[in-house]
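Undergrad: Model the full assembly from the supplied sequences, consistent with the hints where possible.
Residue numbers (the working numbering), protein chains in the order written: chain A, 1096 to 1336; chain B, 13 to 352.
Derived from the structure by calculation, the hints contain no laboratory data. Just to be clear, a hint being listed does not mean it is correct.
[Unchecked claim] Restraint-style ranges between C-beta atoms, simulated for each label pair: (1) B:N25 <-> A:N1291: 34 to 42 Å; (2) B:I41 <-> A:N1205: 31 to 39 Å; (3) B:I324 <-> A:R1266: 48 to 56 Å; (4) A:N1205 <-> B:F47: 30 to 38 Å; (5) B:P132 <-> A:D1314: 42 to 50 Å; (6) B:L340 <-> A:L1330: 51 to 59 Å; (7) B:V260 <-> A:D1188: 34 to 42 Å; (8) A:N1205 <-> B:G138: 30 to 38 Å; (9) B:P132 <-> A:L1330: 48 to 56 Å; (10) A:N1205 <-> B:P132: 32 to 40 Å; (11) B:L44 <-> A:G1270: 48 to 56 Å.
[Stated by the list, open to error] Pairs of lysine-lysine residues, derived as PhoX-like cross-links and limited to a Cα-Cα distance of at most 20 Å, are as follows: (12) A:K1293 <-> A:K1279; (13) B:K212 <-> A:K1204; (14) A:K1207 <-> B:K212; (15) A:K1225 <-> A:K1184; (16) A:K1309 <-> A:K1150; (17) B:K24 <-> A:K1202; (18) A:K1202 <-> B:K236; (19) B:K24 <-> A:K1207; (20) B:K137 <-> A:K1184; (21) A:K1252 <-> A:K1279; (22) B:K236 <-> A:K1204; (23) A:K1225 <-> B:K18; (24) A:K1204 <-> B:K24; (25) B:K24 <-> A:K1225; (26) A:K1293 <-> A:K1277.
[As the list claims (entries may be wrong)] Counterexamples of contact, computed for chain B against chain A with all Cβ distances above 12 Å: (27) I52; (28) F124; (29) E304; (30) R333.
C-beta: ideal position from N, C-alpha, C; glycine also.
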Amino acid sequence: MSNLLKVENLSRSFGGIHANSDITFDVNEGEILGVIGPNGAGKSTLFDLITGFTKSDKGQVILRDKNITNIRPDLICRLGVGRTFQKLKPFADQTLLENVIVGALVKEKNLKVARDKALEIIDFVDLIEKRHHYAKELSTGQRKRLELARALATDPKLLLMDEVTGGVDQRTIPGLVELVLKLKKNGITVVTIEHNMKIIMDISDRILALNQGKRIAFDTPKNISQNTQVIDAYLGTVDAA
Amino acid sequence: MNLISKELLQAKNEPLNYFNKNSLIIIGIVVLGLFLYPFISPSKFALHLLMMIFMHAVMSQSWNVLAGFSGQISLGHAIFFGIGAYASGYFYTKFQITPWFGIIIGIAISAFIALLIGVPMLRLKGHYFAIATLLIGISFQVIFQRWPEVGASAGLYVPINRDSPWLSMQFHKNKVAYYYITLVFFIITFFLVWLLNRSKLGYRLKAIRDQSEAASSLGIHVSKYKVIAFIISAMIMAPMGSIYAQYVLIIDPNNTFSADISILVLLISVMGGVGNIWGPIIGSSILIPISEFSRIYFGGTGRSIDLIIYGILIILICIFRPSGIVSLIPRSFREREKVK
Chain A
1096 MSNLLKVENL
1106 SRSFGGIHAN
1116 SDITFDVNEG
1126 EILGVIGPNG
1136 AGKSTLFDLI
1146 TGFTKSDKGQ
1156 VILRDKNITN
1166 IRPDLICRLG
1176 VGRTFQKLKP
1186 FADQTLLENV
1196 IVGALVKEKN
1206 LKVARDKALE
1216 IIDFVDLIEK
1226 RHHYAKELST
1236 GQRKRLELAR
1246 ALATDPKLLL
1256 MDEVTGGVDQ
1266 RTIPGLVELV
1276 LKLKKNGITV
1286 VTIEHNMKII
1296 MDISDRILAL
1306 NQGKRIAFDT
1316 PKNISQNTQV
1326 IDAYLGTVDA
1336 A
Chain B
13 MNLISKELLQ
23 AKNEPLNYFN
33 KNSLIIIGIV
43 VLGLFLYPFI
53 SPSKFALHLL
63 MMIFMHAVMS
73 QSWNVLAGFS
83 GQISLGHAIF
93 FGIGAYASGY
103 FYTKFQITPW
113 FGIIIGIAIS
123 AFIALLIGVP
133 MLRLKGHYFA
143 IATLLIGISF
153 QVIFQRWPEV
163 GASAGLYVPI
173 NRDSPWLSMQ
183 FHKNKVAYYY
193 ITLVFFIITF
203 FLVWLLNRSK
213 LGYRLKAIRD
223 QSEAASSLGI
233 HVSKYKVIAF
243 IISAMIMAPM
253 GSIYAQYVLI
263 IDPNNTFSAD
273 ISILVLLISV
283 MGGVGNIWGP
293 IIGSSILIPI
303 SEFSRIYFGG
313 TGRSIDLIIY
323 GILIILICIF
333 RPSGIVSLIP
343 RSFREREKVK
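TA: Here it is as structure tokens:
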């Protein structure tokens, strides 16, 4: 499998806080890469750096063979990187369909074609019956699907998903997980931040573990689950003394 | 994504834009009534009042395109009203260029000024942008107050022409022609904004308004589209300044670049409903008569009674109807609603 994304020594500090320090990893085409780490590990900052929302201090991001480090978010989207946000950002006063049409307009010139494409994607995320509902009227789980649909409408090669199951009730989670797996089946490469360890272990091909802005492991789920640094980061180190 | 559900098929067969039949009939009747109105010999004041409503609705719609569609609050929109007034007035006074062409010059200059100040300023967000527009608006007023070529503080007196009313856009016998000119601008503006609302540009602007970061993640160059909205907004505002100049025939910086104009167009939109194309019409239909009647009953500037009433109404709107009076209209009549 070839690399779709390569991240090399990516670093970013905010004042004295090193949000990301020399993060290096790659993403293969068609895989699901999980990103884990305790709160404040730098996961969302990493997404912001890759998608151009935050400028990096050092390092580079290579999409296929193109250096996309520190270029504008809208250009990165047009190059094929879609994303969702940890804190949901729907266009609240617009309908679900209108939200997704905005995404479809990245590639489609004709509004009717964009509308039809948006409808297909809304159907794909199982919200077709809600297409005329305003985004503010949807539940959290439905808004997660909305964001996913909106990002998918841009025809991404790589999709970055920030906590897709975060903040939704237990009954909604299996549907969302199934949706992520459906993306993989459709050939979309996914990088997903996730706190639910069972889910991330089940769906990921590889996992990148961060702690305090540093990469502490980058391996298969099986190896990650046995990695002492990862276990320490999540559970803390037992002081023998 | 290969299996097409029945619901999806049905959704694809739905029209792209919904037209509410009842709304269309009501709009048609109102427009026809407005065109026929001068034939029932209305008073000069009635025509003047309607003209002012049309003009302020267009000016407020201009503000609404920027604030309601792209989410930027401008407190200096009088700039473009003033530029429009001075463009037609100056070129007519100095070079006898017909104000009709002056309107086009005003639109072009306003678009250029919007581009010039929009590029650096629209990188600012929220309150910072609002404050910057307020200060730029005041700066324009000060510049024109001290610019001898355009009459400085005294302003320009547009020469009276009784020979060719249509060419000079001066109608001294009655207000009917002015009424029709403002009505036509009013209808054209609202139709264009209605189209804008449903265009690709409209989708992008509303995305920026609601969530600029999300819009950016969907391939929208936020700064560029904000500047485009600012330019469109300026181009809508300028002709009203030109028409006003030919109506009152006196242009001075205190009247045309006044912050009062900037605040008034904002109040009209807020009262009617920001981000809704009907908001400016509703707001203008309520606030302008209050202003005109207070002038009649309290004299001169109305002893600012109109401003007190505005204030009370705006407070009530903000408390009870933050989405504006338009939100009182049943959803089924509003433009964005789907007819099932």
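Undergrad: Now, for every hint given, state plainly whether the structure supports it.
TA: Here's how the hints hold up against the structure:
1. B:N25 <-> A:N1291: 34 to 42 Å: holds (40 Å)
2. B:I41 <-> A:N1205: 31 to 39 Å: holds (34 Å)
3. B:I324 <-> A:R1266: 48 to 56 Å: holds (49 Å)
4. A:N1205 <-> B:F47: 30 to 38 Å: With Cβ atoms ~35 Å apart, the hint holds.
5. B:P132 <-> A:D1314: 42 to 50 Å: holds (48 Å)
6. B:L340 <-> A:L1330: 51 to 59 Å: holds (57 Å)
7. B:V260 <-> A:D1188: 34 to 42 Å: holds (39 Å)
8. A:N1205 <-> B:G138: 30 to 38 Å: holds (34 Å)
9. B:P132 <-> A:L1330: 48 to 56 Å: Roughly 51 Å apart at Cβ, these two residues keep to the hinted range, so it holds.
10. A:N1205 <-> B:P132: 32 to 40 Å: holds (34 Å)
11. B:L44 <-> A:G1270: 48 to 56 Å: holds (53 Å)
12. A:K1293 <-> A:K1279: Answer holds: K1293 of chain A to K1279 of chain A is near 18 Å, not above 20 Å.
13. B:K212 <-> A:K1204: holds (8 Å)
14. A:K1207 <-> B:K212: Between K1207 of chain A and K212 of chain B the Cα gap is close to 10 Å, so the pair holds against 20 Å.
15. A:K1225 <-> A:K1184: holds (18 Å)
16. A:K1309 <-> A:K1150: holds (17 Å)
17. B:K24 <-> A:K1202: Status holds; Cα separation ~19 Å.
18. A:K1202 <-> B:K236: Judged against 20 Å, a Cα distance of about 18 Å means the pair holds.
19. B:K24 <-> A:K1207: Holds, because 9 Å separates the two Cα atoms, which is no more than 20 Å.
20. B:K137 <-> A:K1184: holds (17 Å)
21. A:K1252 <-> A:K1279: holds (11 Å)
22. B:K236 <-> A:K1204: holds (18 Å)
23. A:K1225 <-> B:K18: Holds, at about 14 Å.
24. A:K1204 <-> B:K24: holds (17 Å)
25. B:K24 <-> A:K1225: The hint holds at about 14 Å.
26. A:K1293 <-> A:K1277: Holds, because 18 Å separates the two Cα atoms, which is no more than 20 Å.
27. I52: The claim holds: I52 of chain B sits with its nearest Cβ about 41 Å from chain A, beyond 12 Å.
28. F124: holds (25 Å)
29. E304: Non-interface label on E304 of chain B holds, nearest chain A Cβ at 33 Å vs cutoff 12 Å.
30. R333: holds (15 Å)
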